[in-house]
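There are 2 protein chains.
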Amino acid sequence: MGAAEGCGSSRRIALLLEYDGTAYRGSQYQQNGPSIQAVLEAAINNLTRETARVAFAGRTDAGVHALGQVAAFDTNSTLGVREVVRGLNHFLPADVVVVSGRSAETRFDPRREAKQRAYRYRISNRSQRLALDRDRAWQVAKPLAVEAMAEAAAMLEGKHDFAAFSPPTDKLTARTLRRCEVSGQTGVEVTVEMEAEAFLPHQVRRTVGPLVEVGVGRMTVDELRRILEAAVPSSAQPAAPTHGLYLVRVEYDGFAFEPEEREEGE
Amino acid sequence: MGAAEGCGSSRRIALLLEYDGTAYRGSQYQQNGPSIQAVLEAAINNLTRETARVAFAGRTDAGVHALGQVAAFDTNSTLGVREVVRGLNHFLPADVVVVSGRSAETRFDPRREAKQRAYRYRISNRSQRLALDRDRAWQVAKPLAVEAMAEAAAMLEGKHDFAAFSPPTDKLTARTLRRCEVSGQTGVEVTVEMEAEAFLPHQVRRTVGPLVEVGVGRMTVDELRRILEAAVPSSAQPAAPTHGLYLVRVEYDGFAFEPEEREEGE
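Respectively, the protein sequence lines represent chains A and B.
Start counting the first sequence at 1; every next residue gets the next number (this note's numbering).
Start counting the second sequence at 267; every next residue gets the next number (this note's numbering).
No lab work stands behind these hints, which were simulated from the structure alone.
What you are looking at is a predicted structure, and each value in this text was computed from that prediction instead of being measured.
Here a beta-carbon is modelled for each residue, glycine too, at the ideal position from N, C-alpha and C.
Incorrect hints may appear among the rest.
[To be verified] Which residues of chain B face chain A? A few of them, derived with a C-beta cut under 10 Å, are:
{"hint": "1", "residue": "E284"}
{"hint": "2", "residue": "F357"}
{"hint": "3", "residue": "L396"}
{"hint": "4", "residue": "V412"}
{"hint": "5", "residue": "E423"}
{"hint": "6", "residue": "P499"}
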C-alpha cells in the first residue's frame, strides 16, 4: 500500500465494504472502466484531500458483489473513524457503502492476513428470467437435484489440488476448502456457500458451474471427482456467471469490526 | 377491459408478473412517465400486432415491486399460452417478466375477483445506507424492538375501520386484515407481512410507518390503538417509503397459475 502524502503521523484505517458490483469492472483499478478501488480512492481524496492507495482483502471480478469486503488505506487525517465512515459514505456512489470502519496496525495487510474468506453463490431455479434479481442471482431453468449437488459439494471439501478449478498458473494450486455447502429448494432458490483461507482465481464460479451440471444431470458426482483428481487446469467447466457471486465475509486473527455503532435518530 | 381489435374469436389470457418497480411511475398508465401497463401493452402489441388494454389485480405505486401481480388482457391471437409468455418476455424490458400465464374465462376480472392479496415490506435495520438493497428495502438506523412491533401488528389484525391508514375518501374504510405479522431480527432485517381481501390506498405503507415508530420507541402500542380507533383519515403517520414494498401474491377462488412448466434445457 502506498503511504499517504504529507508529513503528519500516518495511520491505517480498515473498512468493511458492501457493494453492488453490477456497474463495475471489478474491485481493482482498471484502465478501461469504473472500479471499486477508483471510487473509494476518489471518496478518500474528496474527504481528506490526500491521495491514498486502497488495498483489498480479496479481488472481485466485474459484476461480483460484496457484503463484507475488507479494505485498508493510510491517512494523515485527524478525523475520527466514525467521521471517516460517514464522510466516505457521503462521497461514495449509491452502489458502494462503508458499513463499518476501525483503526488498524500500520502493518495490517487485509489480503495477506486474512485467515478465512466466505463466498455465497445464489441460483434462482426457475423457467423465466429474473426481474428483481436480474443482477443478483443466476437463473437456471432446469430443476436442480439439490441432494446430488450437496453430495458433490461435500466431496470437494478438504485439502485437494484444485488445479482443475483454476486457470493455468505457475503457482501452487493446493487449497483447503473448509466448507462447500449446497442448500435450498428445487424450483425456488439454491445457494452454495464456500469457505477457505484462500481461493484460486475464479475458483468459486468454476465450482458452482460444475455443481449445477451435477444438479441438472449432465455430470455425475463421480465424473466431478475424476475432474478434481486429474487436476488439469481449467477442466472444471463451465464457470458460473459473475452476477450470482457475493464475497460475504473475511476473517482475521484478533481483528474484527465492532458490531455497528448506532446513531441516535434514523 | 377493452376488447381486442379484429373479428377473430377473442379470448382472455391471465399473466403472473414480477417486476422491479424502481424505474416506473407505478403499475397503471401514467401520462408523464413509464408504467408497467405501458411496457406490457407495448409488448403485447409487438407480439400480436393488436392494441390490448391490460387490467391488473392491484394498483402499485411508483417504486413498489411485485413478485406476483396478476394481469389480464384479451387477444385474437392463436398463439399458445406458452408462446405468449415466451414472446412477451422477449419484448418486455429486463425489469419486468411474465413468470407464468394461463387462459381465463372471458369474464375474468383480476381486480374484482381477487379473494386475497398478500404484501411484504422489507426493512433493513442498520446504521449505514444500503448498497445492494438500495431500491429493495427501507433502511432504518435505530434498533427496532421486534416484539413491540409484532404486538402492534397483532392488534391491527381483524375487522376494523382503517380510515386512519388511508387518505380521505368517500368510500367505506372498513376492511378485514387477515394477517399482519412482523418477523426478523433487530439490527439485521425486519419483515412485515400483510394479507387481506382488499386494502385501502397506501394502507400497507401507512401501517409499516407507524409500526416502525413503535419499533424505535416513538409510539406505544396503545397510542397506535387509539389512532386506529379514532379513525381520522391520514392520521397514521408516517407512510413507509415505496421501495421496501412488494405485492407478493393474489389469490382467487378456483383460479390459480400452474406450477411452472419446465423447459427442456436451461
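So, going through the hints one by one against the coordinates:
no. : hint : result
1   : E284 : 5 Å, holds
2   : F357 : 13 Å, violated
3   : L396 : 7 Å, holds
4   : V412 : 16 Å, violated
5   : E423 : 27 Å, violated
6   : P499 : 26 Å, violated
When the structure is compared with the earlier hints, violations turn up for hints 2, 4, 5 and 6 and for no others.
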